[in-house]
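Undergrad: Chain by chain, the residues:
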Amino acid sequence: MTFKAKTLFKAGIASLLLSTAAIAQDDTIKVGVLHSLSGTMAISETTLKDVMLMLIDEQNKKGGINGKMLEAVVVDPASDWPLFAEKARELIEANGVDVVFGCWTSVSRKSVLPVFEELNSILFYPVQYEGEESQKNVFYTGAAPNQQAIPAVDYLMAEEGVERWVLAGTDYVYPRTTNKILEAYLIGKGVAPEDIMINYTPFGHSDWQTIVSDIKTFGSAGKKTAVVSTINGDANVPFYKELGNQGVSAEDIPVVAFSVGEEELAGLDTTPLVGHLAAWNYFMSVDTPENAEFIEKWQTFIGSEERVTNDPMEAHYIGFNMWVKAVEAAGTTDADAVIDALPGIEVPNLTGGTSIMLPNHHITKPVLVGEIQDDGQFDVVWETDGLVEGDAWSDFLPESAVLTSDWVELKCGNYNTETKTCGGASN
Amino acid sequence: MLFLRACLLALLLPMFAAPASAQTQDFDALVTSLPEGSYSARGAVVGAIALTGDPRAEAILTALLDGALGVIETTGQVVILAPAPADALAGTPLTDAEATSAERIRVNNGLRRDIRAALGILTLSDPDPAKRLAAADAAFRAPDAAQYELLDAAFQREENPAVKSRLAEARAVAILDGDFPDAEKREAIDVIADRGDADAQRILTPFAASEDPDIAEAAAAALASIEQSRMLWGQAQNIWYGLSLGSVLLLAAIGLAITFGVMGVINMAHGELVMLGAYTTYAVQETIRQNAPGLFDWSLLIAAPLAFLVAGAVGVAIERGIVRHLYGRALETLLATWGVSLILQQSVRSIFGPNNREVGNPSWMSGSFDVGQMTVTWNRLWILIFALAVFAVLLFVMKRTAVGLQMRAVTQNRPMAASMGIRTNWVDALTFGLGAGIAGLAGVALSQIDNVSPNLGQSYIVDSFMVVVFGGAGNIWGTLAGAFSLGIVNKFLEPYAGAVLAKIIVLVAIILFIQKRPRGLFAVKGRAVEG
Amino acid sequence: MTSLIDRRMGIFLAGLFVLTVAVPIGNLAFDGKVVPSYIVSLLGKYLCYALLAVALDMVWGFCGILSLGHGAFFALGGYAMGMHLMREIGDRGVYANPDLPDFMVFLSWDELPWFWMGFDNFWFASLMVMLVPGALAFLFGWFAFRSRVTGVYLSIITQAMTYALQLAFFRNEMGFGGNNGLTDFKDVLGFPIQSDATRAGLFVCTAIALALGLLIARAITTSKLGMILVCIRDAESRTRFMGYRVEGYKLFIFVVSAMMAGVAGALYTPQVGIINPGEFSPANSIEIVIWVALGGRGTLVGAALGAILVALAKTLFTGWFPEFWLFALGGLFILVTLFLPKGVLGLIEETFARKKKPAPALQEAKA
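Residue numbers (this note's numbering), protein chains in the order written: chain E, 1 to 427; chain L, 1 to 531; chain D, 1 to 367.
Here chain E stands alone, though its shape is the one from the complex:
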């Protein structure tokens, strides 16, 4: 009787084992893709999975790496954070991948960190994040706070003369940290604490009436006011719809967002939003030959002229090319060799510059501030002169100002410059 259940169960286990056994020594280099294809984050992450498939496809057309073809292994962690850890383990242990490109939310990254550390594999993380982290096995190709938030605020102060700030975010660690850094930065710049309003909302918040009206009230104190938005993906559409409908125009109270890109705007009629801003390291509208080629390839690959490109896609583009170069340089996909080879690797980015992998596992990026246009694109109104180096530990938070990360000389992700010791962690 239960015999059947056991057979069923055993069959399952056996197939698990089989897939493990299938690692074998075949002639492909396996690349893991760990992005949610269902659940709440599928909106953002599915595109990144497609980009990875495209990049791998491209590389194979060029003959792979060191004579070996690449093979993508896609799994679905379903926006379920513990499942991210399980799937990361499955990719590395059972499927034998040499590198993983994946994660979007900070919590998913935090969830897989120990796995990568334990199994000594490589993760490329393509999304802008709160910093305060530098791990041996992770390469951060998205923006650190100093590559996005601070230049954007500088722009608003200088060009729009903003003196009063609303820091609105979803209540999780990225907005919390970014807002803390910004608050410290603004107060350092002479902004009075009563001129800063901080507001947090839950994930997927959809009723923005009260908050938008609060912002309007806050903005009526006689000083030029701007909103710095770290509102997360899903909640943005209703937020912007409410802004547009309540008539908050960019000329009165501009909103600069760090999580709103071309993909998010694709779900919106942007006519009432013209002039609101976003700060990123890449915009689809950037006019360079590399970018034109990338967009062309993407739209051909996905089979639609209407699909847009965005910043995390560029981050994967840069990260993937860096990894390819590092593997070529190291002559092997062995994790330690590739991790050592990566710092110092230079690859062209899509905005006409050359990004370098730094010893702290972050990369150099330009910072662009763009205004939303009525066609759902951004018009770059300002950019940094050169490329900005990603800083893992913010200089504006007292606890982390003393920390530095260097995996080349110091071999440490959280080196305390005062006590001259490598953090407290064993890594």
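Hints listed in this document are in silico derivations from the structure and should not be mistaken for laboratory results.
Treat the hints with care, as some may be off.
[Said to hold, decoys possible] DSBU-like, lysine-lysine: derived pairs with alpha carbons at most 35 angstroms apart:
hint: 1; chain 1: D; residue 1: Lys342; chain 2: D; residue 2: Lys186
hint: 2; chain 1: E; residue 1: Lys224; chain 2: L; residue 2: Lys164
hint: 3; chain 1: L; residue 1: Lys516; chain 2: D; residue 2: Lys224
hint: 4; chain 1: D; residue 1: Lys33; chain 2: E; residue 2: Lys325
hint: 5; chain 1: E; residue 1: Lys180; chain 2: D; residue 2: Lys224
hint: 6; chain 1: D; residue 1: Lys186; chain 2: E; residue 2: Lys30
hint: 7; chain 1: L; residue 1: Lys516; chain 2: L; residue 2: Lys399
hint: 8; chain 1: E; residue 1: Lys30; chain 2: D; residue 2: Lys224
hint: 9; chain 1: D; residue 1: Lys33; chain 2: E; residue 2: Lys411
hint: 10; chain 1: D; residue 1: Lys314; chain 2: E; residue 2: Lys68
hint: 11; chain 1: E; residue 1: Lys224; chain 2: L; residue 2: Lys516
Since this is a predicted model, take the numbers as computed values, not measurements.
Fit chains L and D to the supplied structure of chain E, relying on the hints for placement.
TA: Showing chains L and D alone in chain E's frame:
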């Protein structure tokens, strides 16, 4: 701003000296220089263009503001792209090739503000009162003492009362901006104080700290009274927000009040039926965009019946295929419909992609209007009306039609109803279809304020169940009362507790309330309860 | 009456025993070649789910309380253990702060909040693993059962409870790490959490906990008290009129079940390496109900089996066809409901009964 004005002056000075013919030439030169330079430099050019008083200026600046001004890269020729492509200066029409080769001249916030201010100057004496009103508005928003003369003149000759009062306010902010006698300033403060809104507060706040005690006092008094009236209006605003949130909850829950409340089916796929309604709206809008853009304003009216049919049909299919095998095993409907919801979600994801889809607001649902100092957005107002209309129709169907009578009969006593000759199978399918169809209608409305994504349904399912249970399952009046009371309580708590805490408090309140009334707000009484 | 270990329970426990012995040996003795470490923690996670399912089956299958909030008790247990593991990190966090966990350091907390006190002690934390969910269940049940909230009303307010807790734990001000939850654990009771031996140890602990949980549940449900519970399930008012204090019995089983869920959560946290507010989400709690329904409600063993099967299906499907696995899972739920009203266990036992008559176990399946 100061820097800008200095630039403007630098540009203007030689112009005043120049004879009239040279001025036209300058106008041409200014327009040709529009595509180049930084945004702030171009802002100065815009100001200079307006001050030339050239009759072509208005058309060019309007086009620039609307993003309809372009430049042909190769020749540097500035052209107007819409409605009919033409050379901006000469007015000669363009060939198609020329029109397509033109690049749009981009504008940013600062530049847009400059353009509006410049246009304000140009249109102060326009014969169209609406344009004059807009001009006065622009001047009000960008206070500039230098414009006082122009505004004053316009104010003196204005006859339209609405425009005149707006001009008075614009004139007052210009006075407050410049170096005018105290008496005039006090008068200006009174004019602004009469507005009594956020703008007035914004303008007056700096004067409460003025060095002149009279001005400071006048401003402080005005601010105090504004503050008080805003407090009162704030409460009204909260009620409105609460009603609006309540209407959204009502829409999301009302279909469930039928399938769950009346039929007792724990329909976990309810949210996905709402989502189907939203995607139907998207599909309708897409078709209209491609085939008949003129019909866009009608898109929702076309989508509503379609959404009802699509969601209703899926509902009937679910009932016939799955739920009917499970009557009497209410809890197992939870399991099966959860499976249905996963499948529906993934189907939509596979067909339409995981990204948000754009569903536009028709023009009659965009923007807002003011009631006193309360902002009422059109989309929320229409959704409230729509929710109440759906509720009224549903009530009518349930209470006043033969079908409704049969539905109630079947849910109250199935064997008895069957022996009276009612085709219970048919009624079951119809009832479930009705609930599902209404969920589809909710989707049409929610597409106007929320994401249209495969996750749309998930975000409403918990709230919907909460509303139905709070109101009392089986009573659709209860759902109405439940939705609005939860909405209003939530919105009154939000300003004090913040959005997250407000929601937590509401949830805890529901739990406590159910202890007091274990069958909800409007409990169904009698033998039917135990079942 | 009935024996504590009936046939189905015996077979399941025997299977569990084989697994408990074979998996760690296969893993440790052969250096991960026979059973990879990844399978060990995966199976450990499944067994946690199984224990959670047994906990729910006790209240739903035997007492008719459909809790849509059991995930909350599970998560609370997980958090209690997570807090201990966070304290065990000590000064090995990235900021090397000996007193405060990393997330508190960068959110500028000055000192450890009072409710974190004591969690550096393993036994205190272990006590809390059961006490906190138990206390919540007691409080909640005391109000709800006395007020005679029943049926869907009870289900929905349990859902409201877990939803409210989810929102509360999301708040960074709460001091539980917000959305990121608790993570980056280093060791448990001094053993490094990433070593294979620790993992095997945790797996064995989980298996033992599951076996104990099953036995406790079986003992309760086959006792006289268990009979009364079933009476309450089938006719609550009648039981009350017969003079039983219905709310007392309900409260008892609800609290025991919540504690068992807490233990499952506590074992879950170190094995997956993270506990976060997502565990409180109403959808998770619904999934628990689905495990039980799929395995066979009111059978205990079936509930455990259902949890393992669904979790296994999820693991396999998300790897095999990442784009379409929801179709498969959704389809599975529908088919099981329509064609296997007694769940998978029912199917297995019926198949068996048809082969070998007479079937003594069948009698019990109907009990």
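Undergrad: Hint by hint, say whether it matches the structure.
TA: Each hint tested on the structure:
1. Annotation: proposed proximity of D/Lys342 to D/Lys186 is violated, straight-line Cα distance about 43 angstroms (limit 35 angstroms).
2. Distance check on the hinted pair: E/Lys224 and L/Lys164 sit about 27 angstroms apart at the alpha-carbon level, within 35 angstroms; holds.
3. For the proposed pair L/Lys516 and D/Lys224, the alpha carbon gap of about 32 angstroms is at most 35 angstroms, so the pair holds.
4. Annotation: proposed proximity of D/Lys33 to E/Lys325 holds, straight-line Cα distance about 32 angstroms (limit 35 angstroms).
5. Of the supplied pair hints, the one linking E/Lys180 and D/Lys224 is violated, its CA atoms being roughly 59 angstroms apart against a limit of 35 angstroms.
6. With a C-alpha separation of about 29 angstroms, the suggested pairing of D/Lys186 with E/Lys30 holds against the 35 angstroms cut-off.
7. A hinted pair counts as satisfied when its Cα atoms are at most 35 angstroms apart, and L/Lys516 with L/Lys399 qualifies at roughly 29 angstroms.
8. Between the alpha carbons of E/Lys30 and D/Lys224 the distance comes to roughly 59 angstroms, so the proposed pair goes past 35 angstroms and is violated.
9. Only pairs whose Cα atoms come within 35 angstroms are accepted, and D/Lys33 paired with E/Lys411 is accepted, the gap being roughly 31 angstroms.
10. The straight-line distance between the Cα atoms of D/Lys314 and E/Lys68 is roughly 32 angstroms, inside the 35 angstroms bound, and the hint therefore holds.
11. In summary, the hint linking E/Lys224 to L/Lys516 is not supported, as the alpha carbons are separated by about 50 angstroms, beyond the 35 angstroms threshold.
In the structure shown, a violation is registered for the earlier hints numbered 1, 5, 8 and 11, in ascending order.
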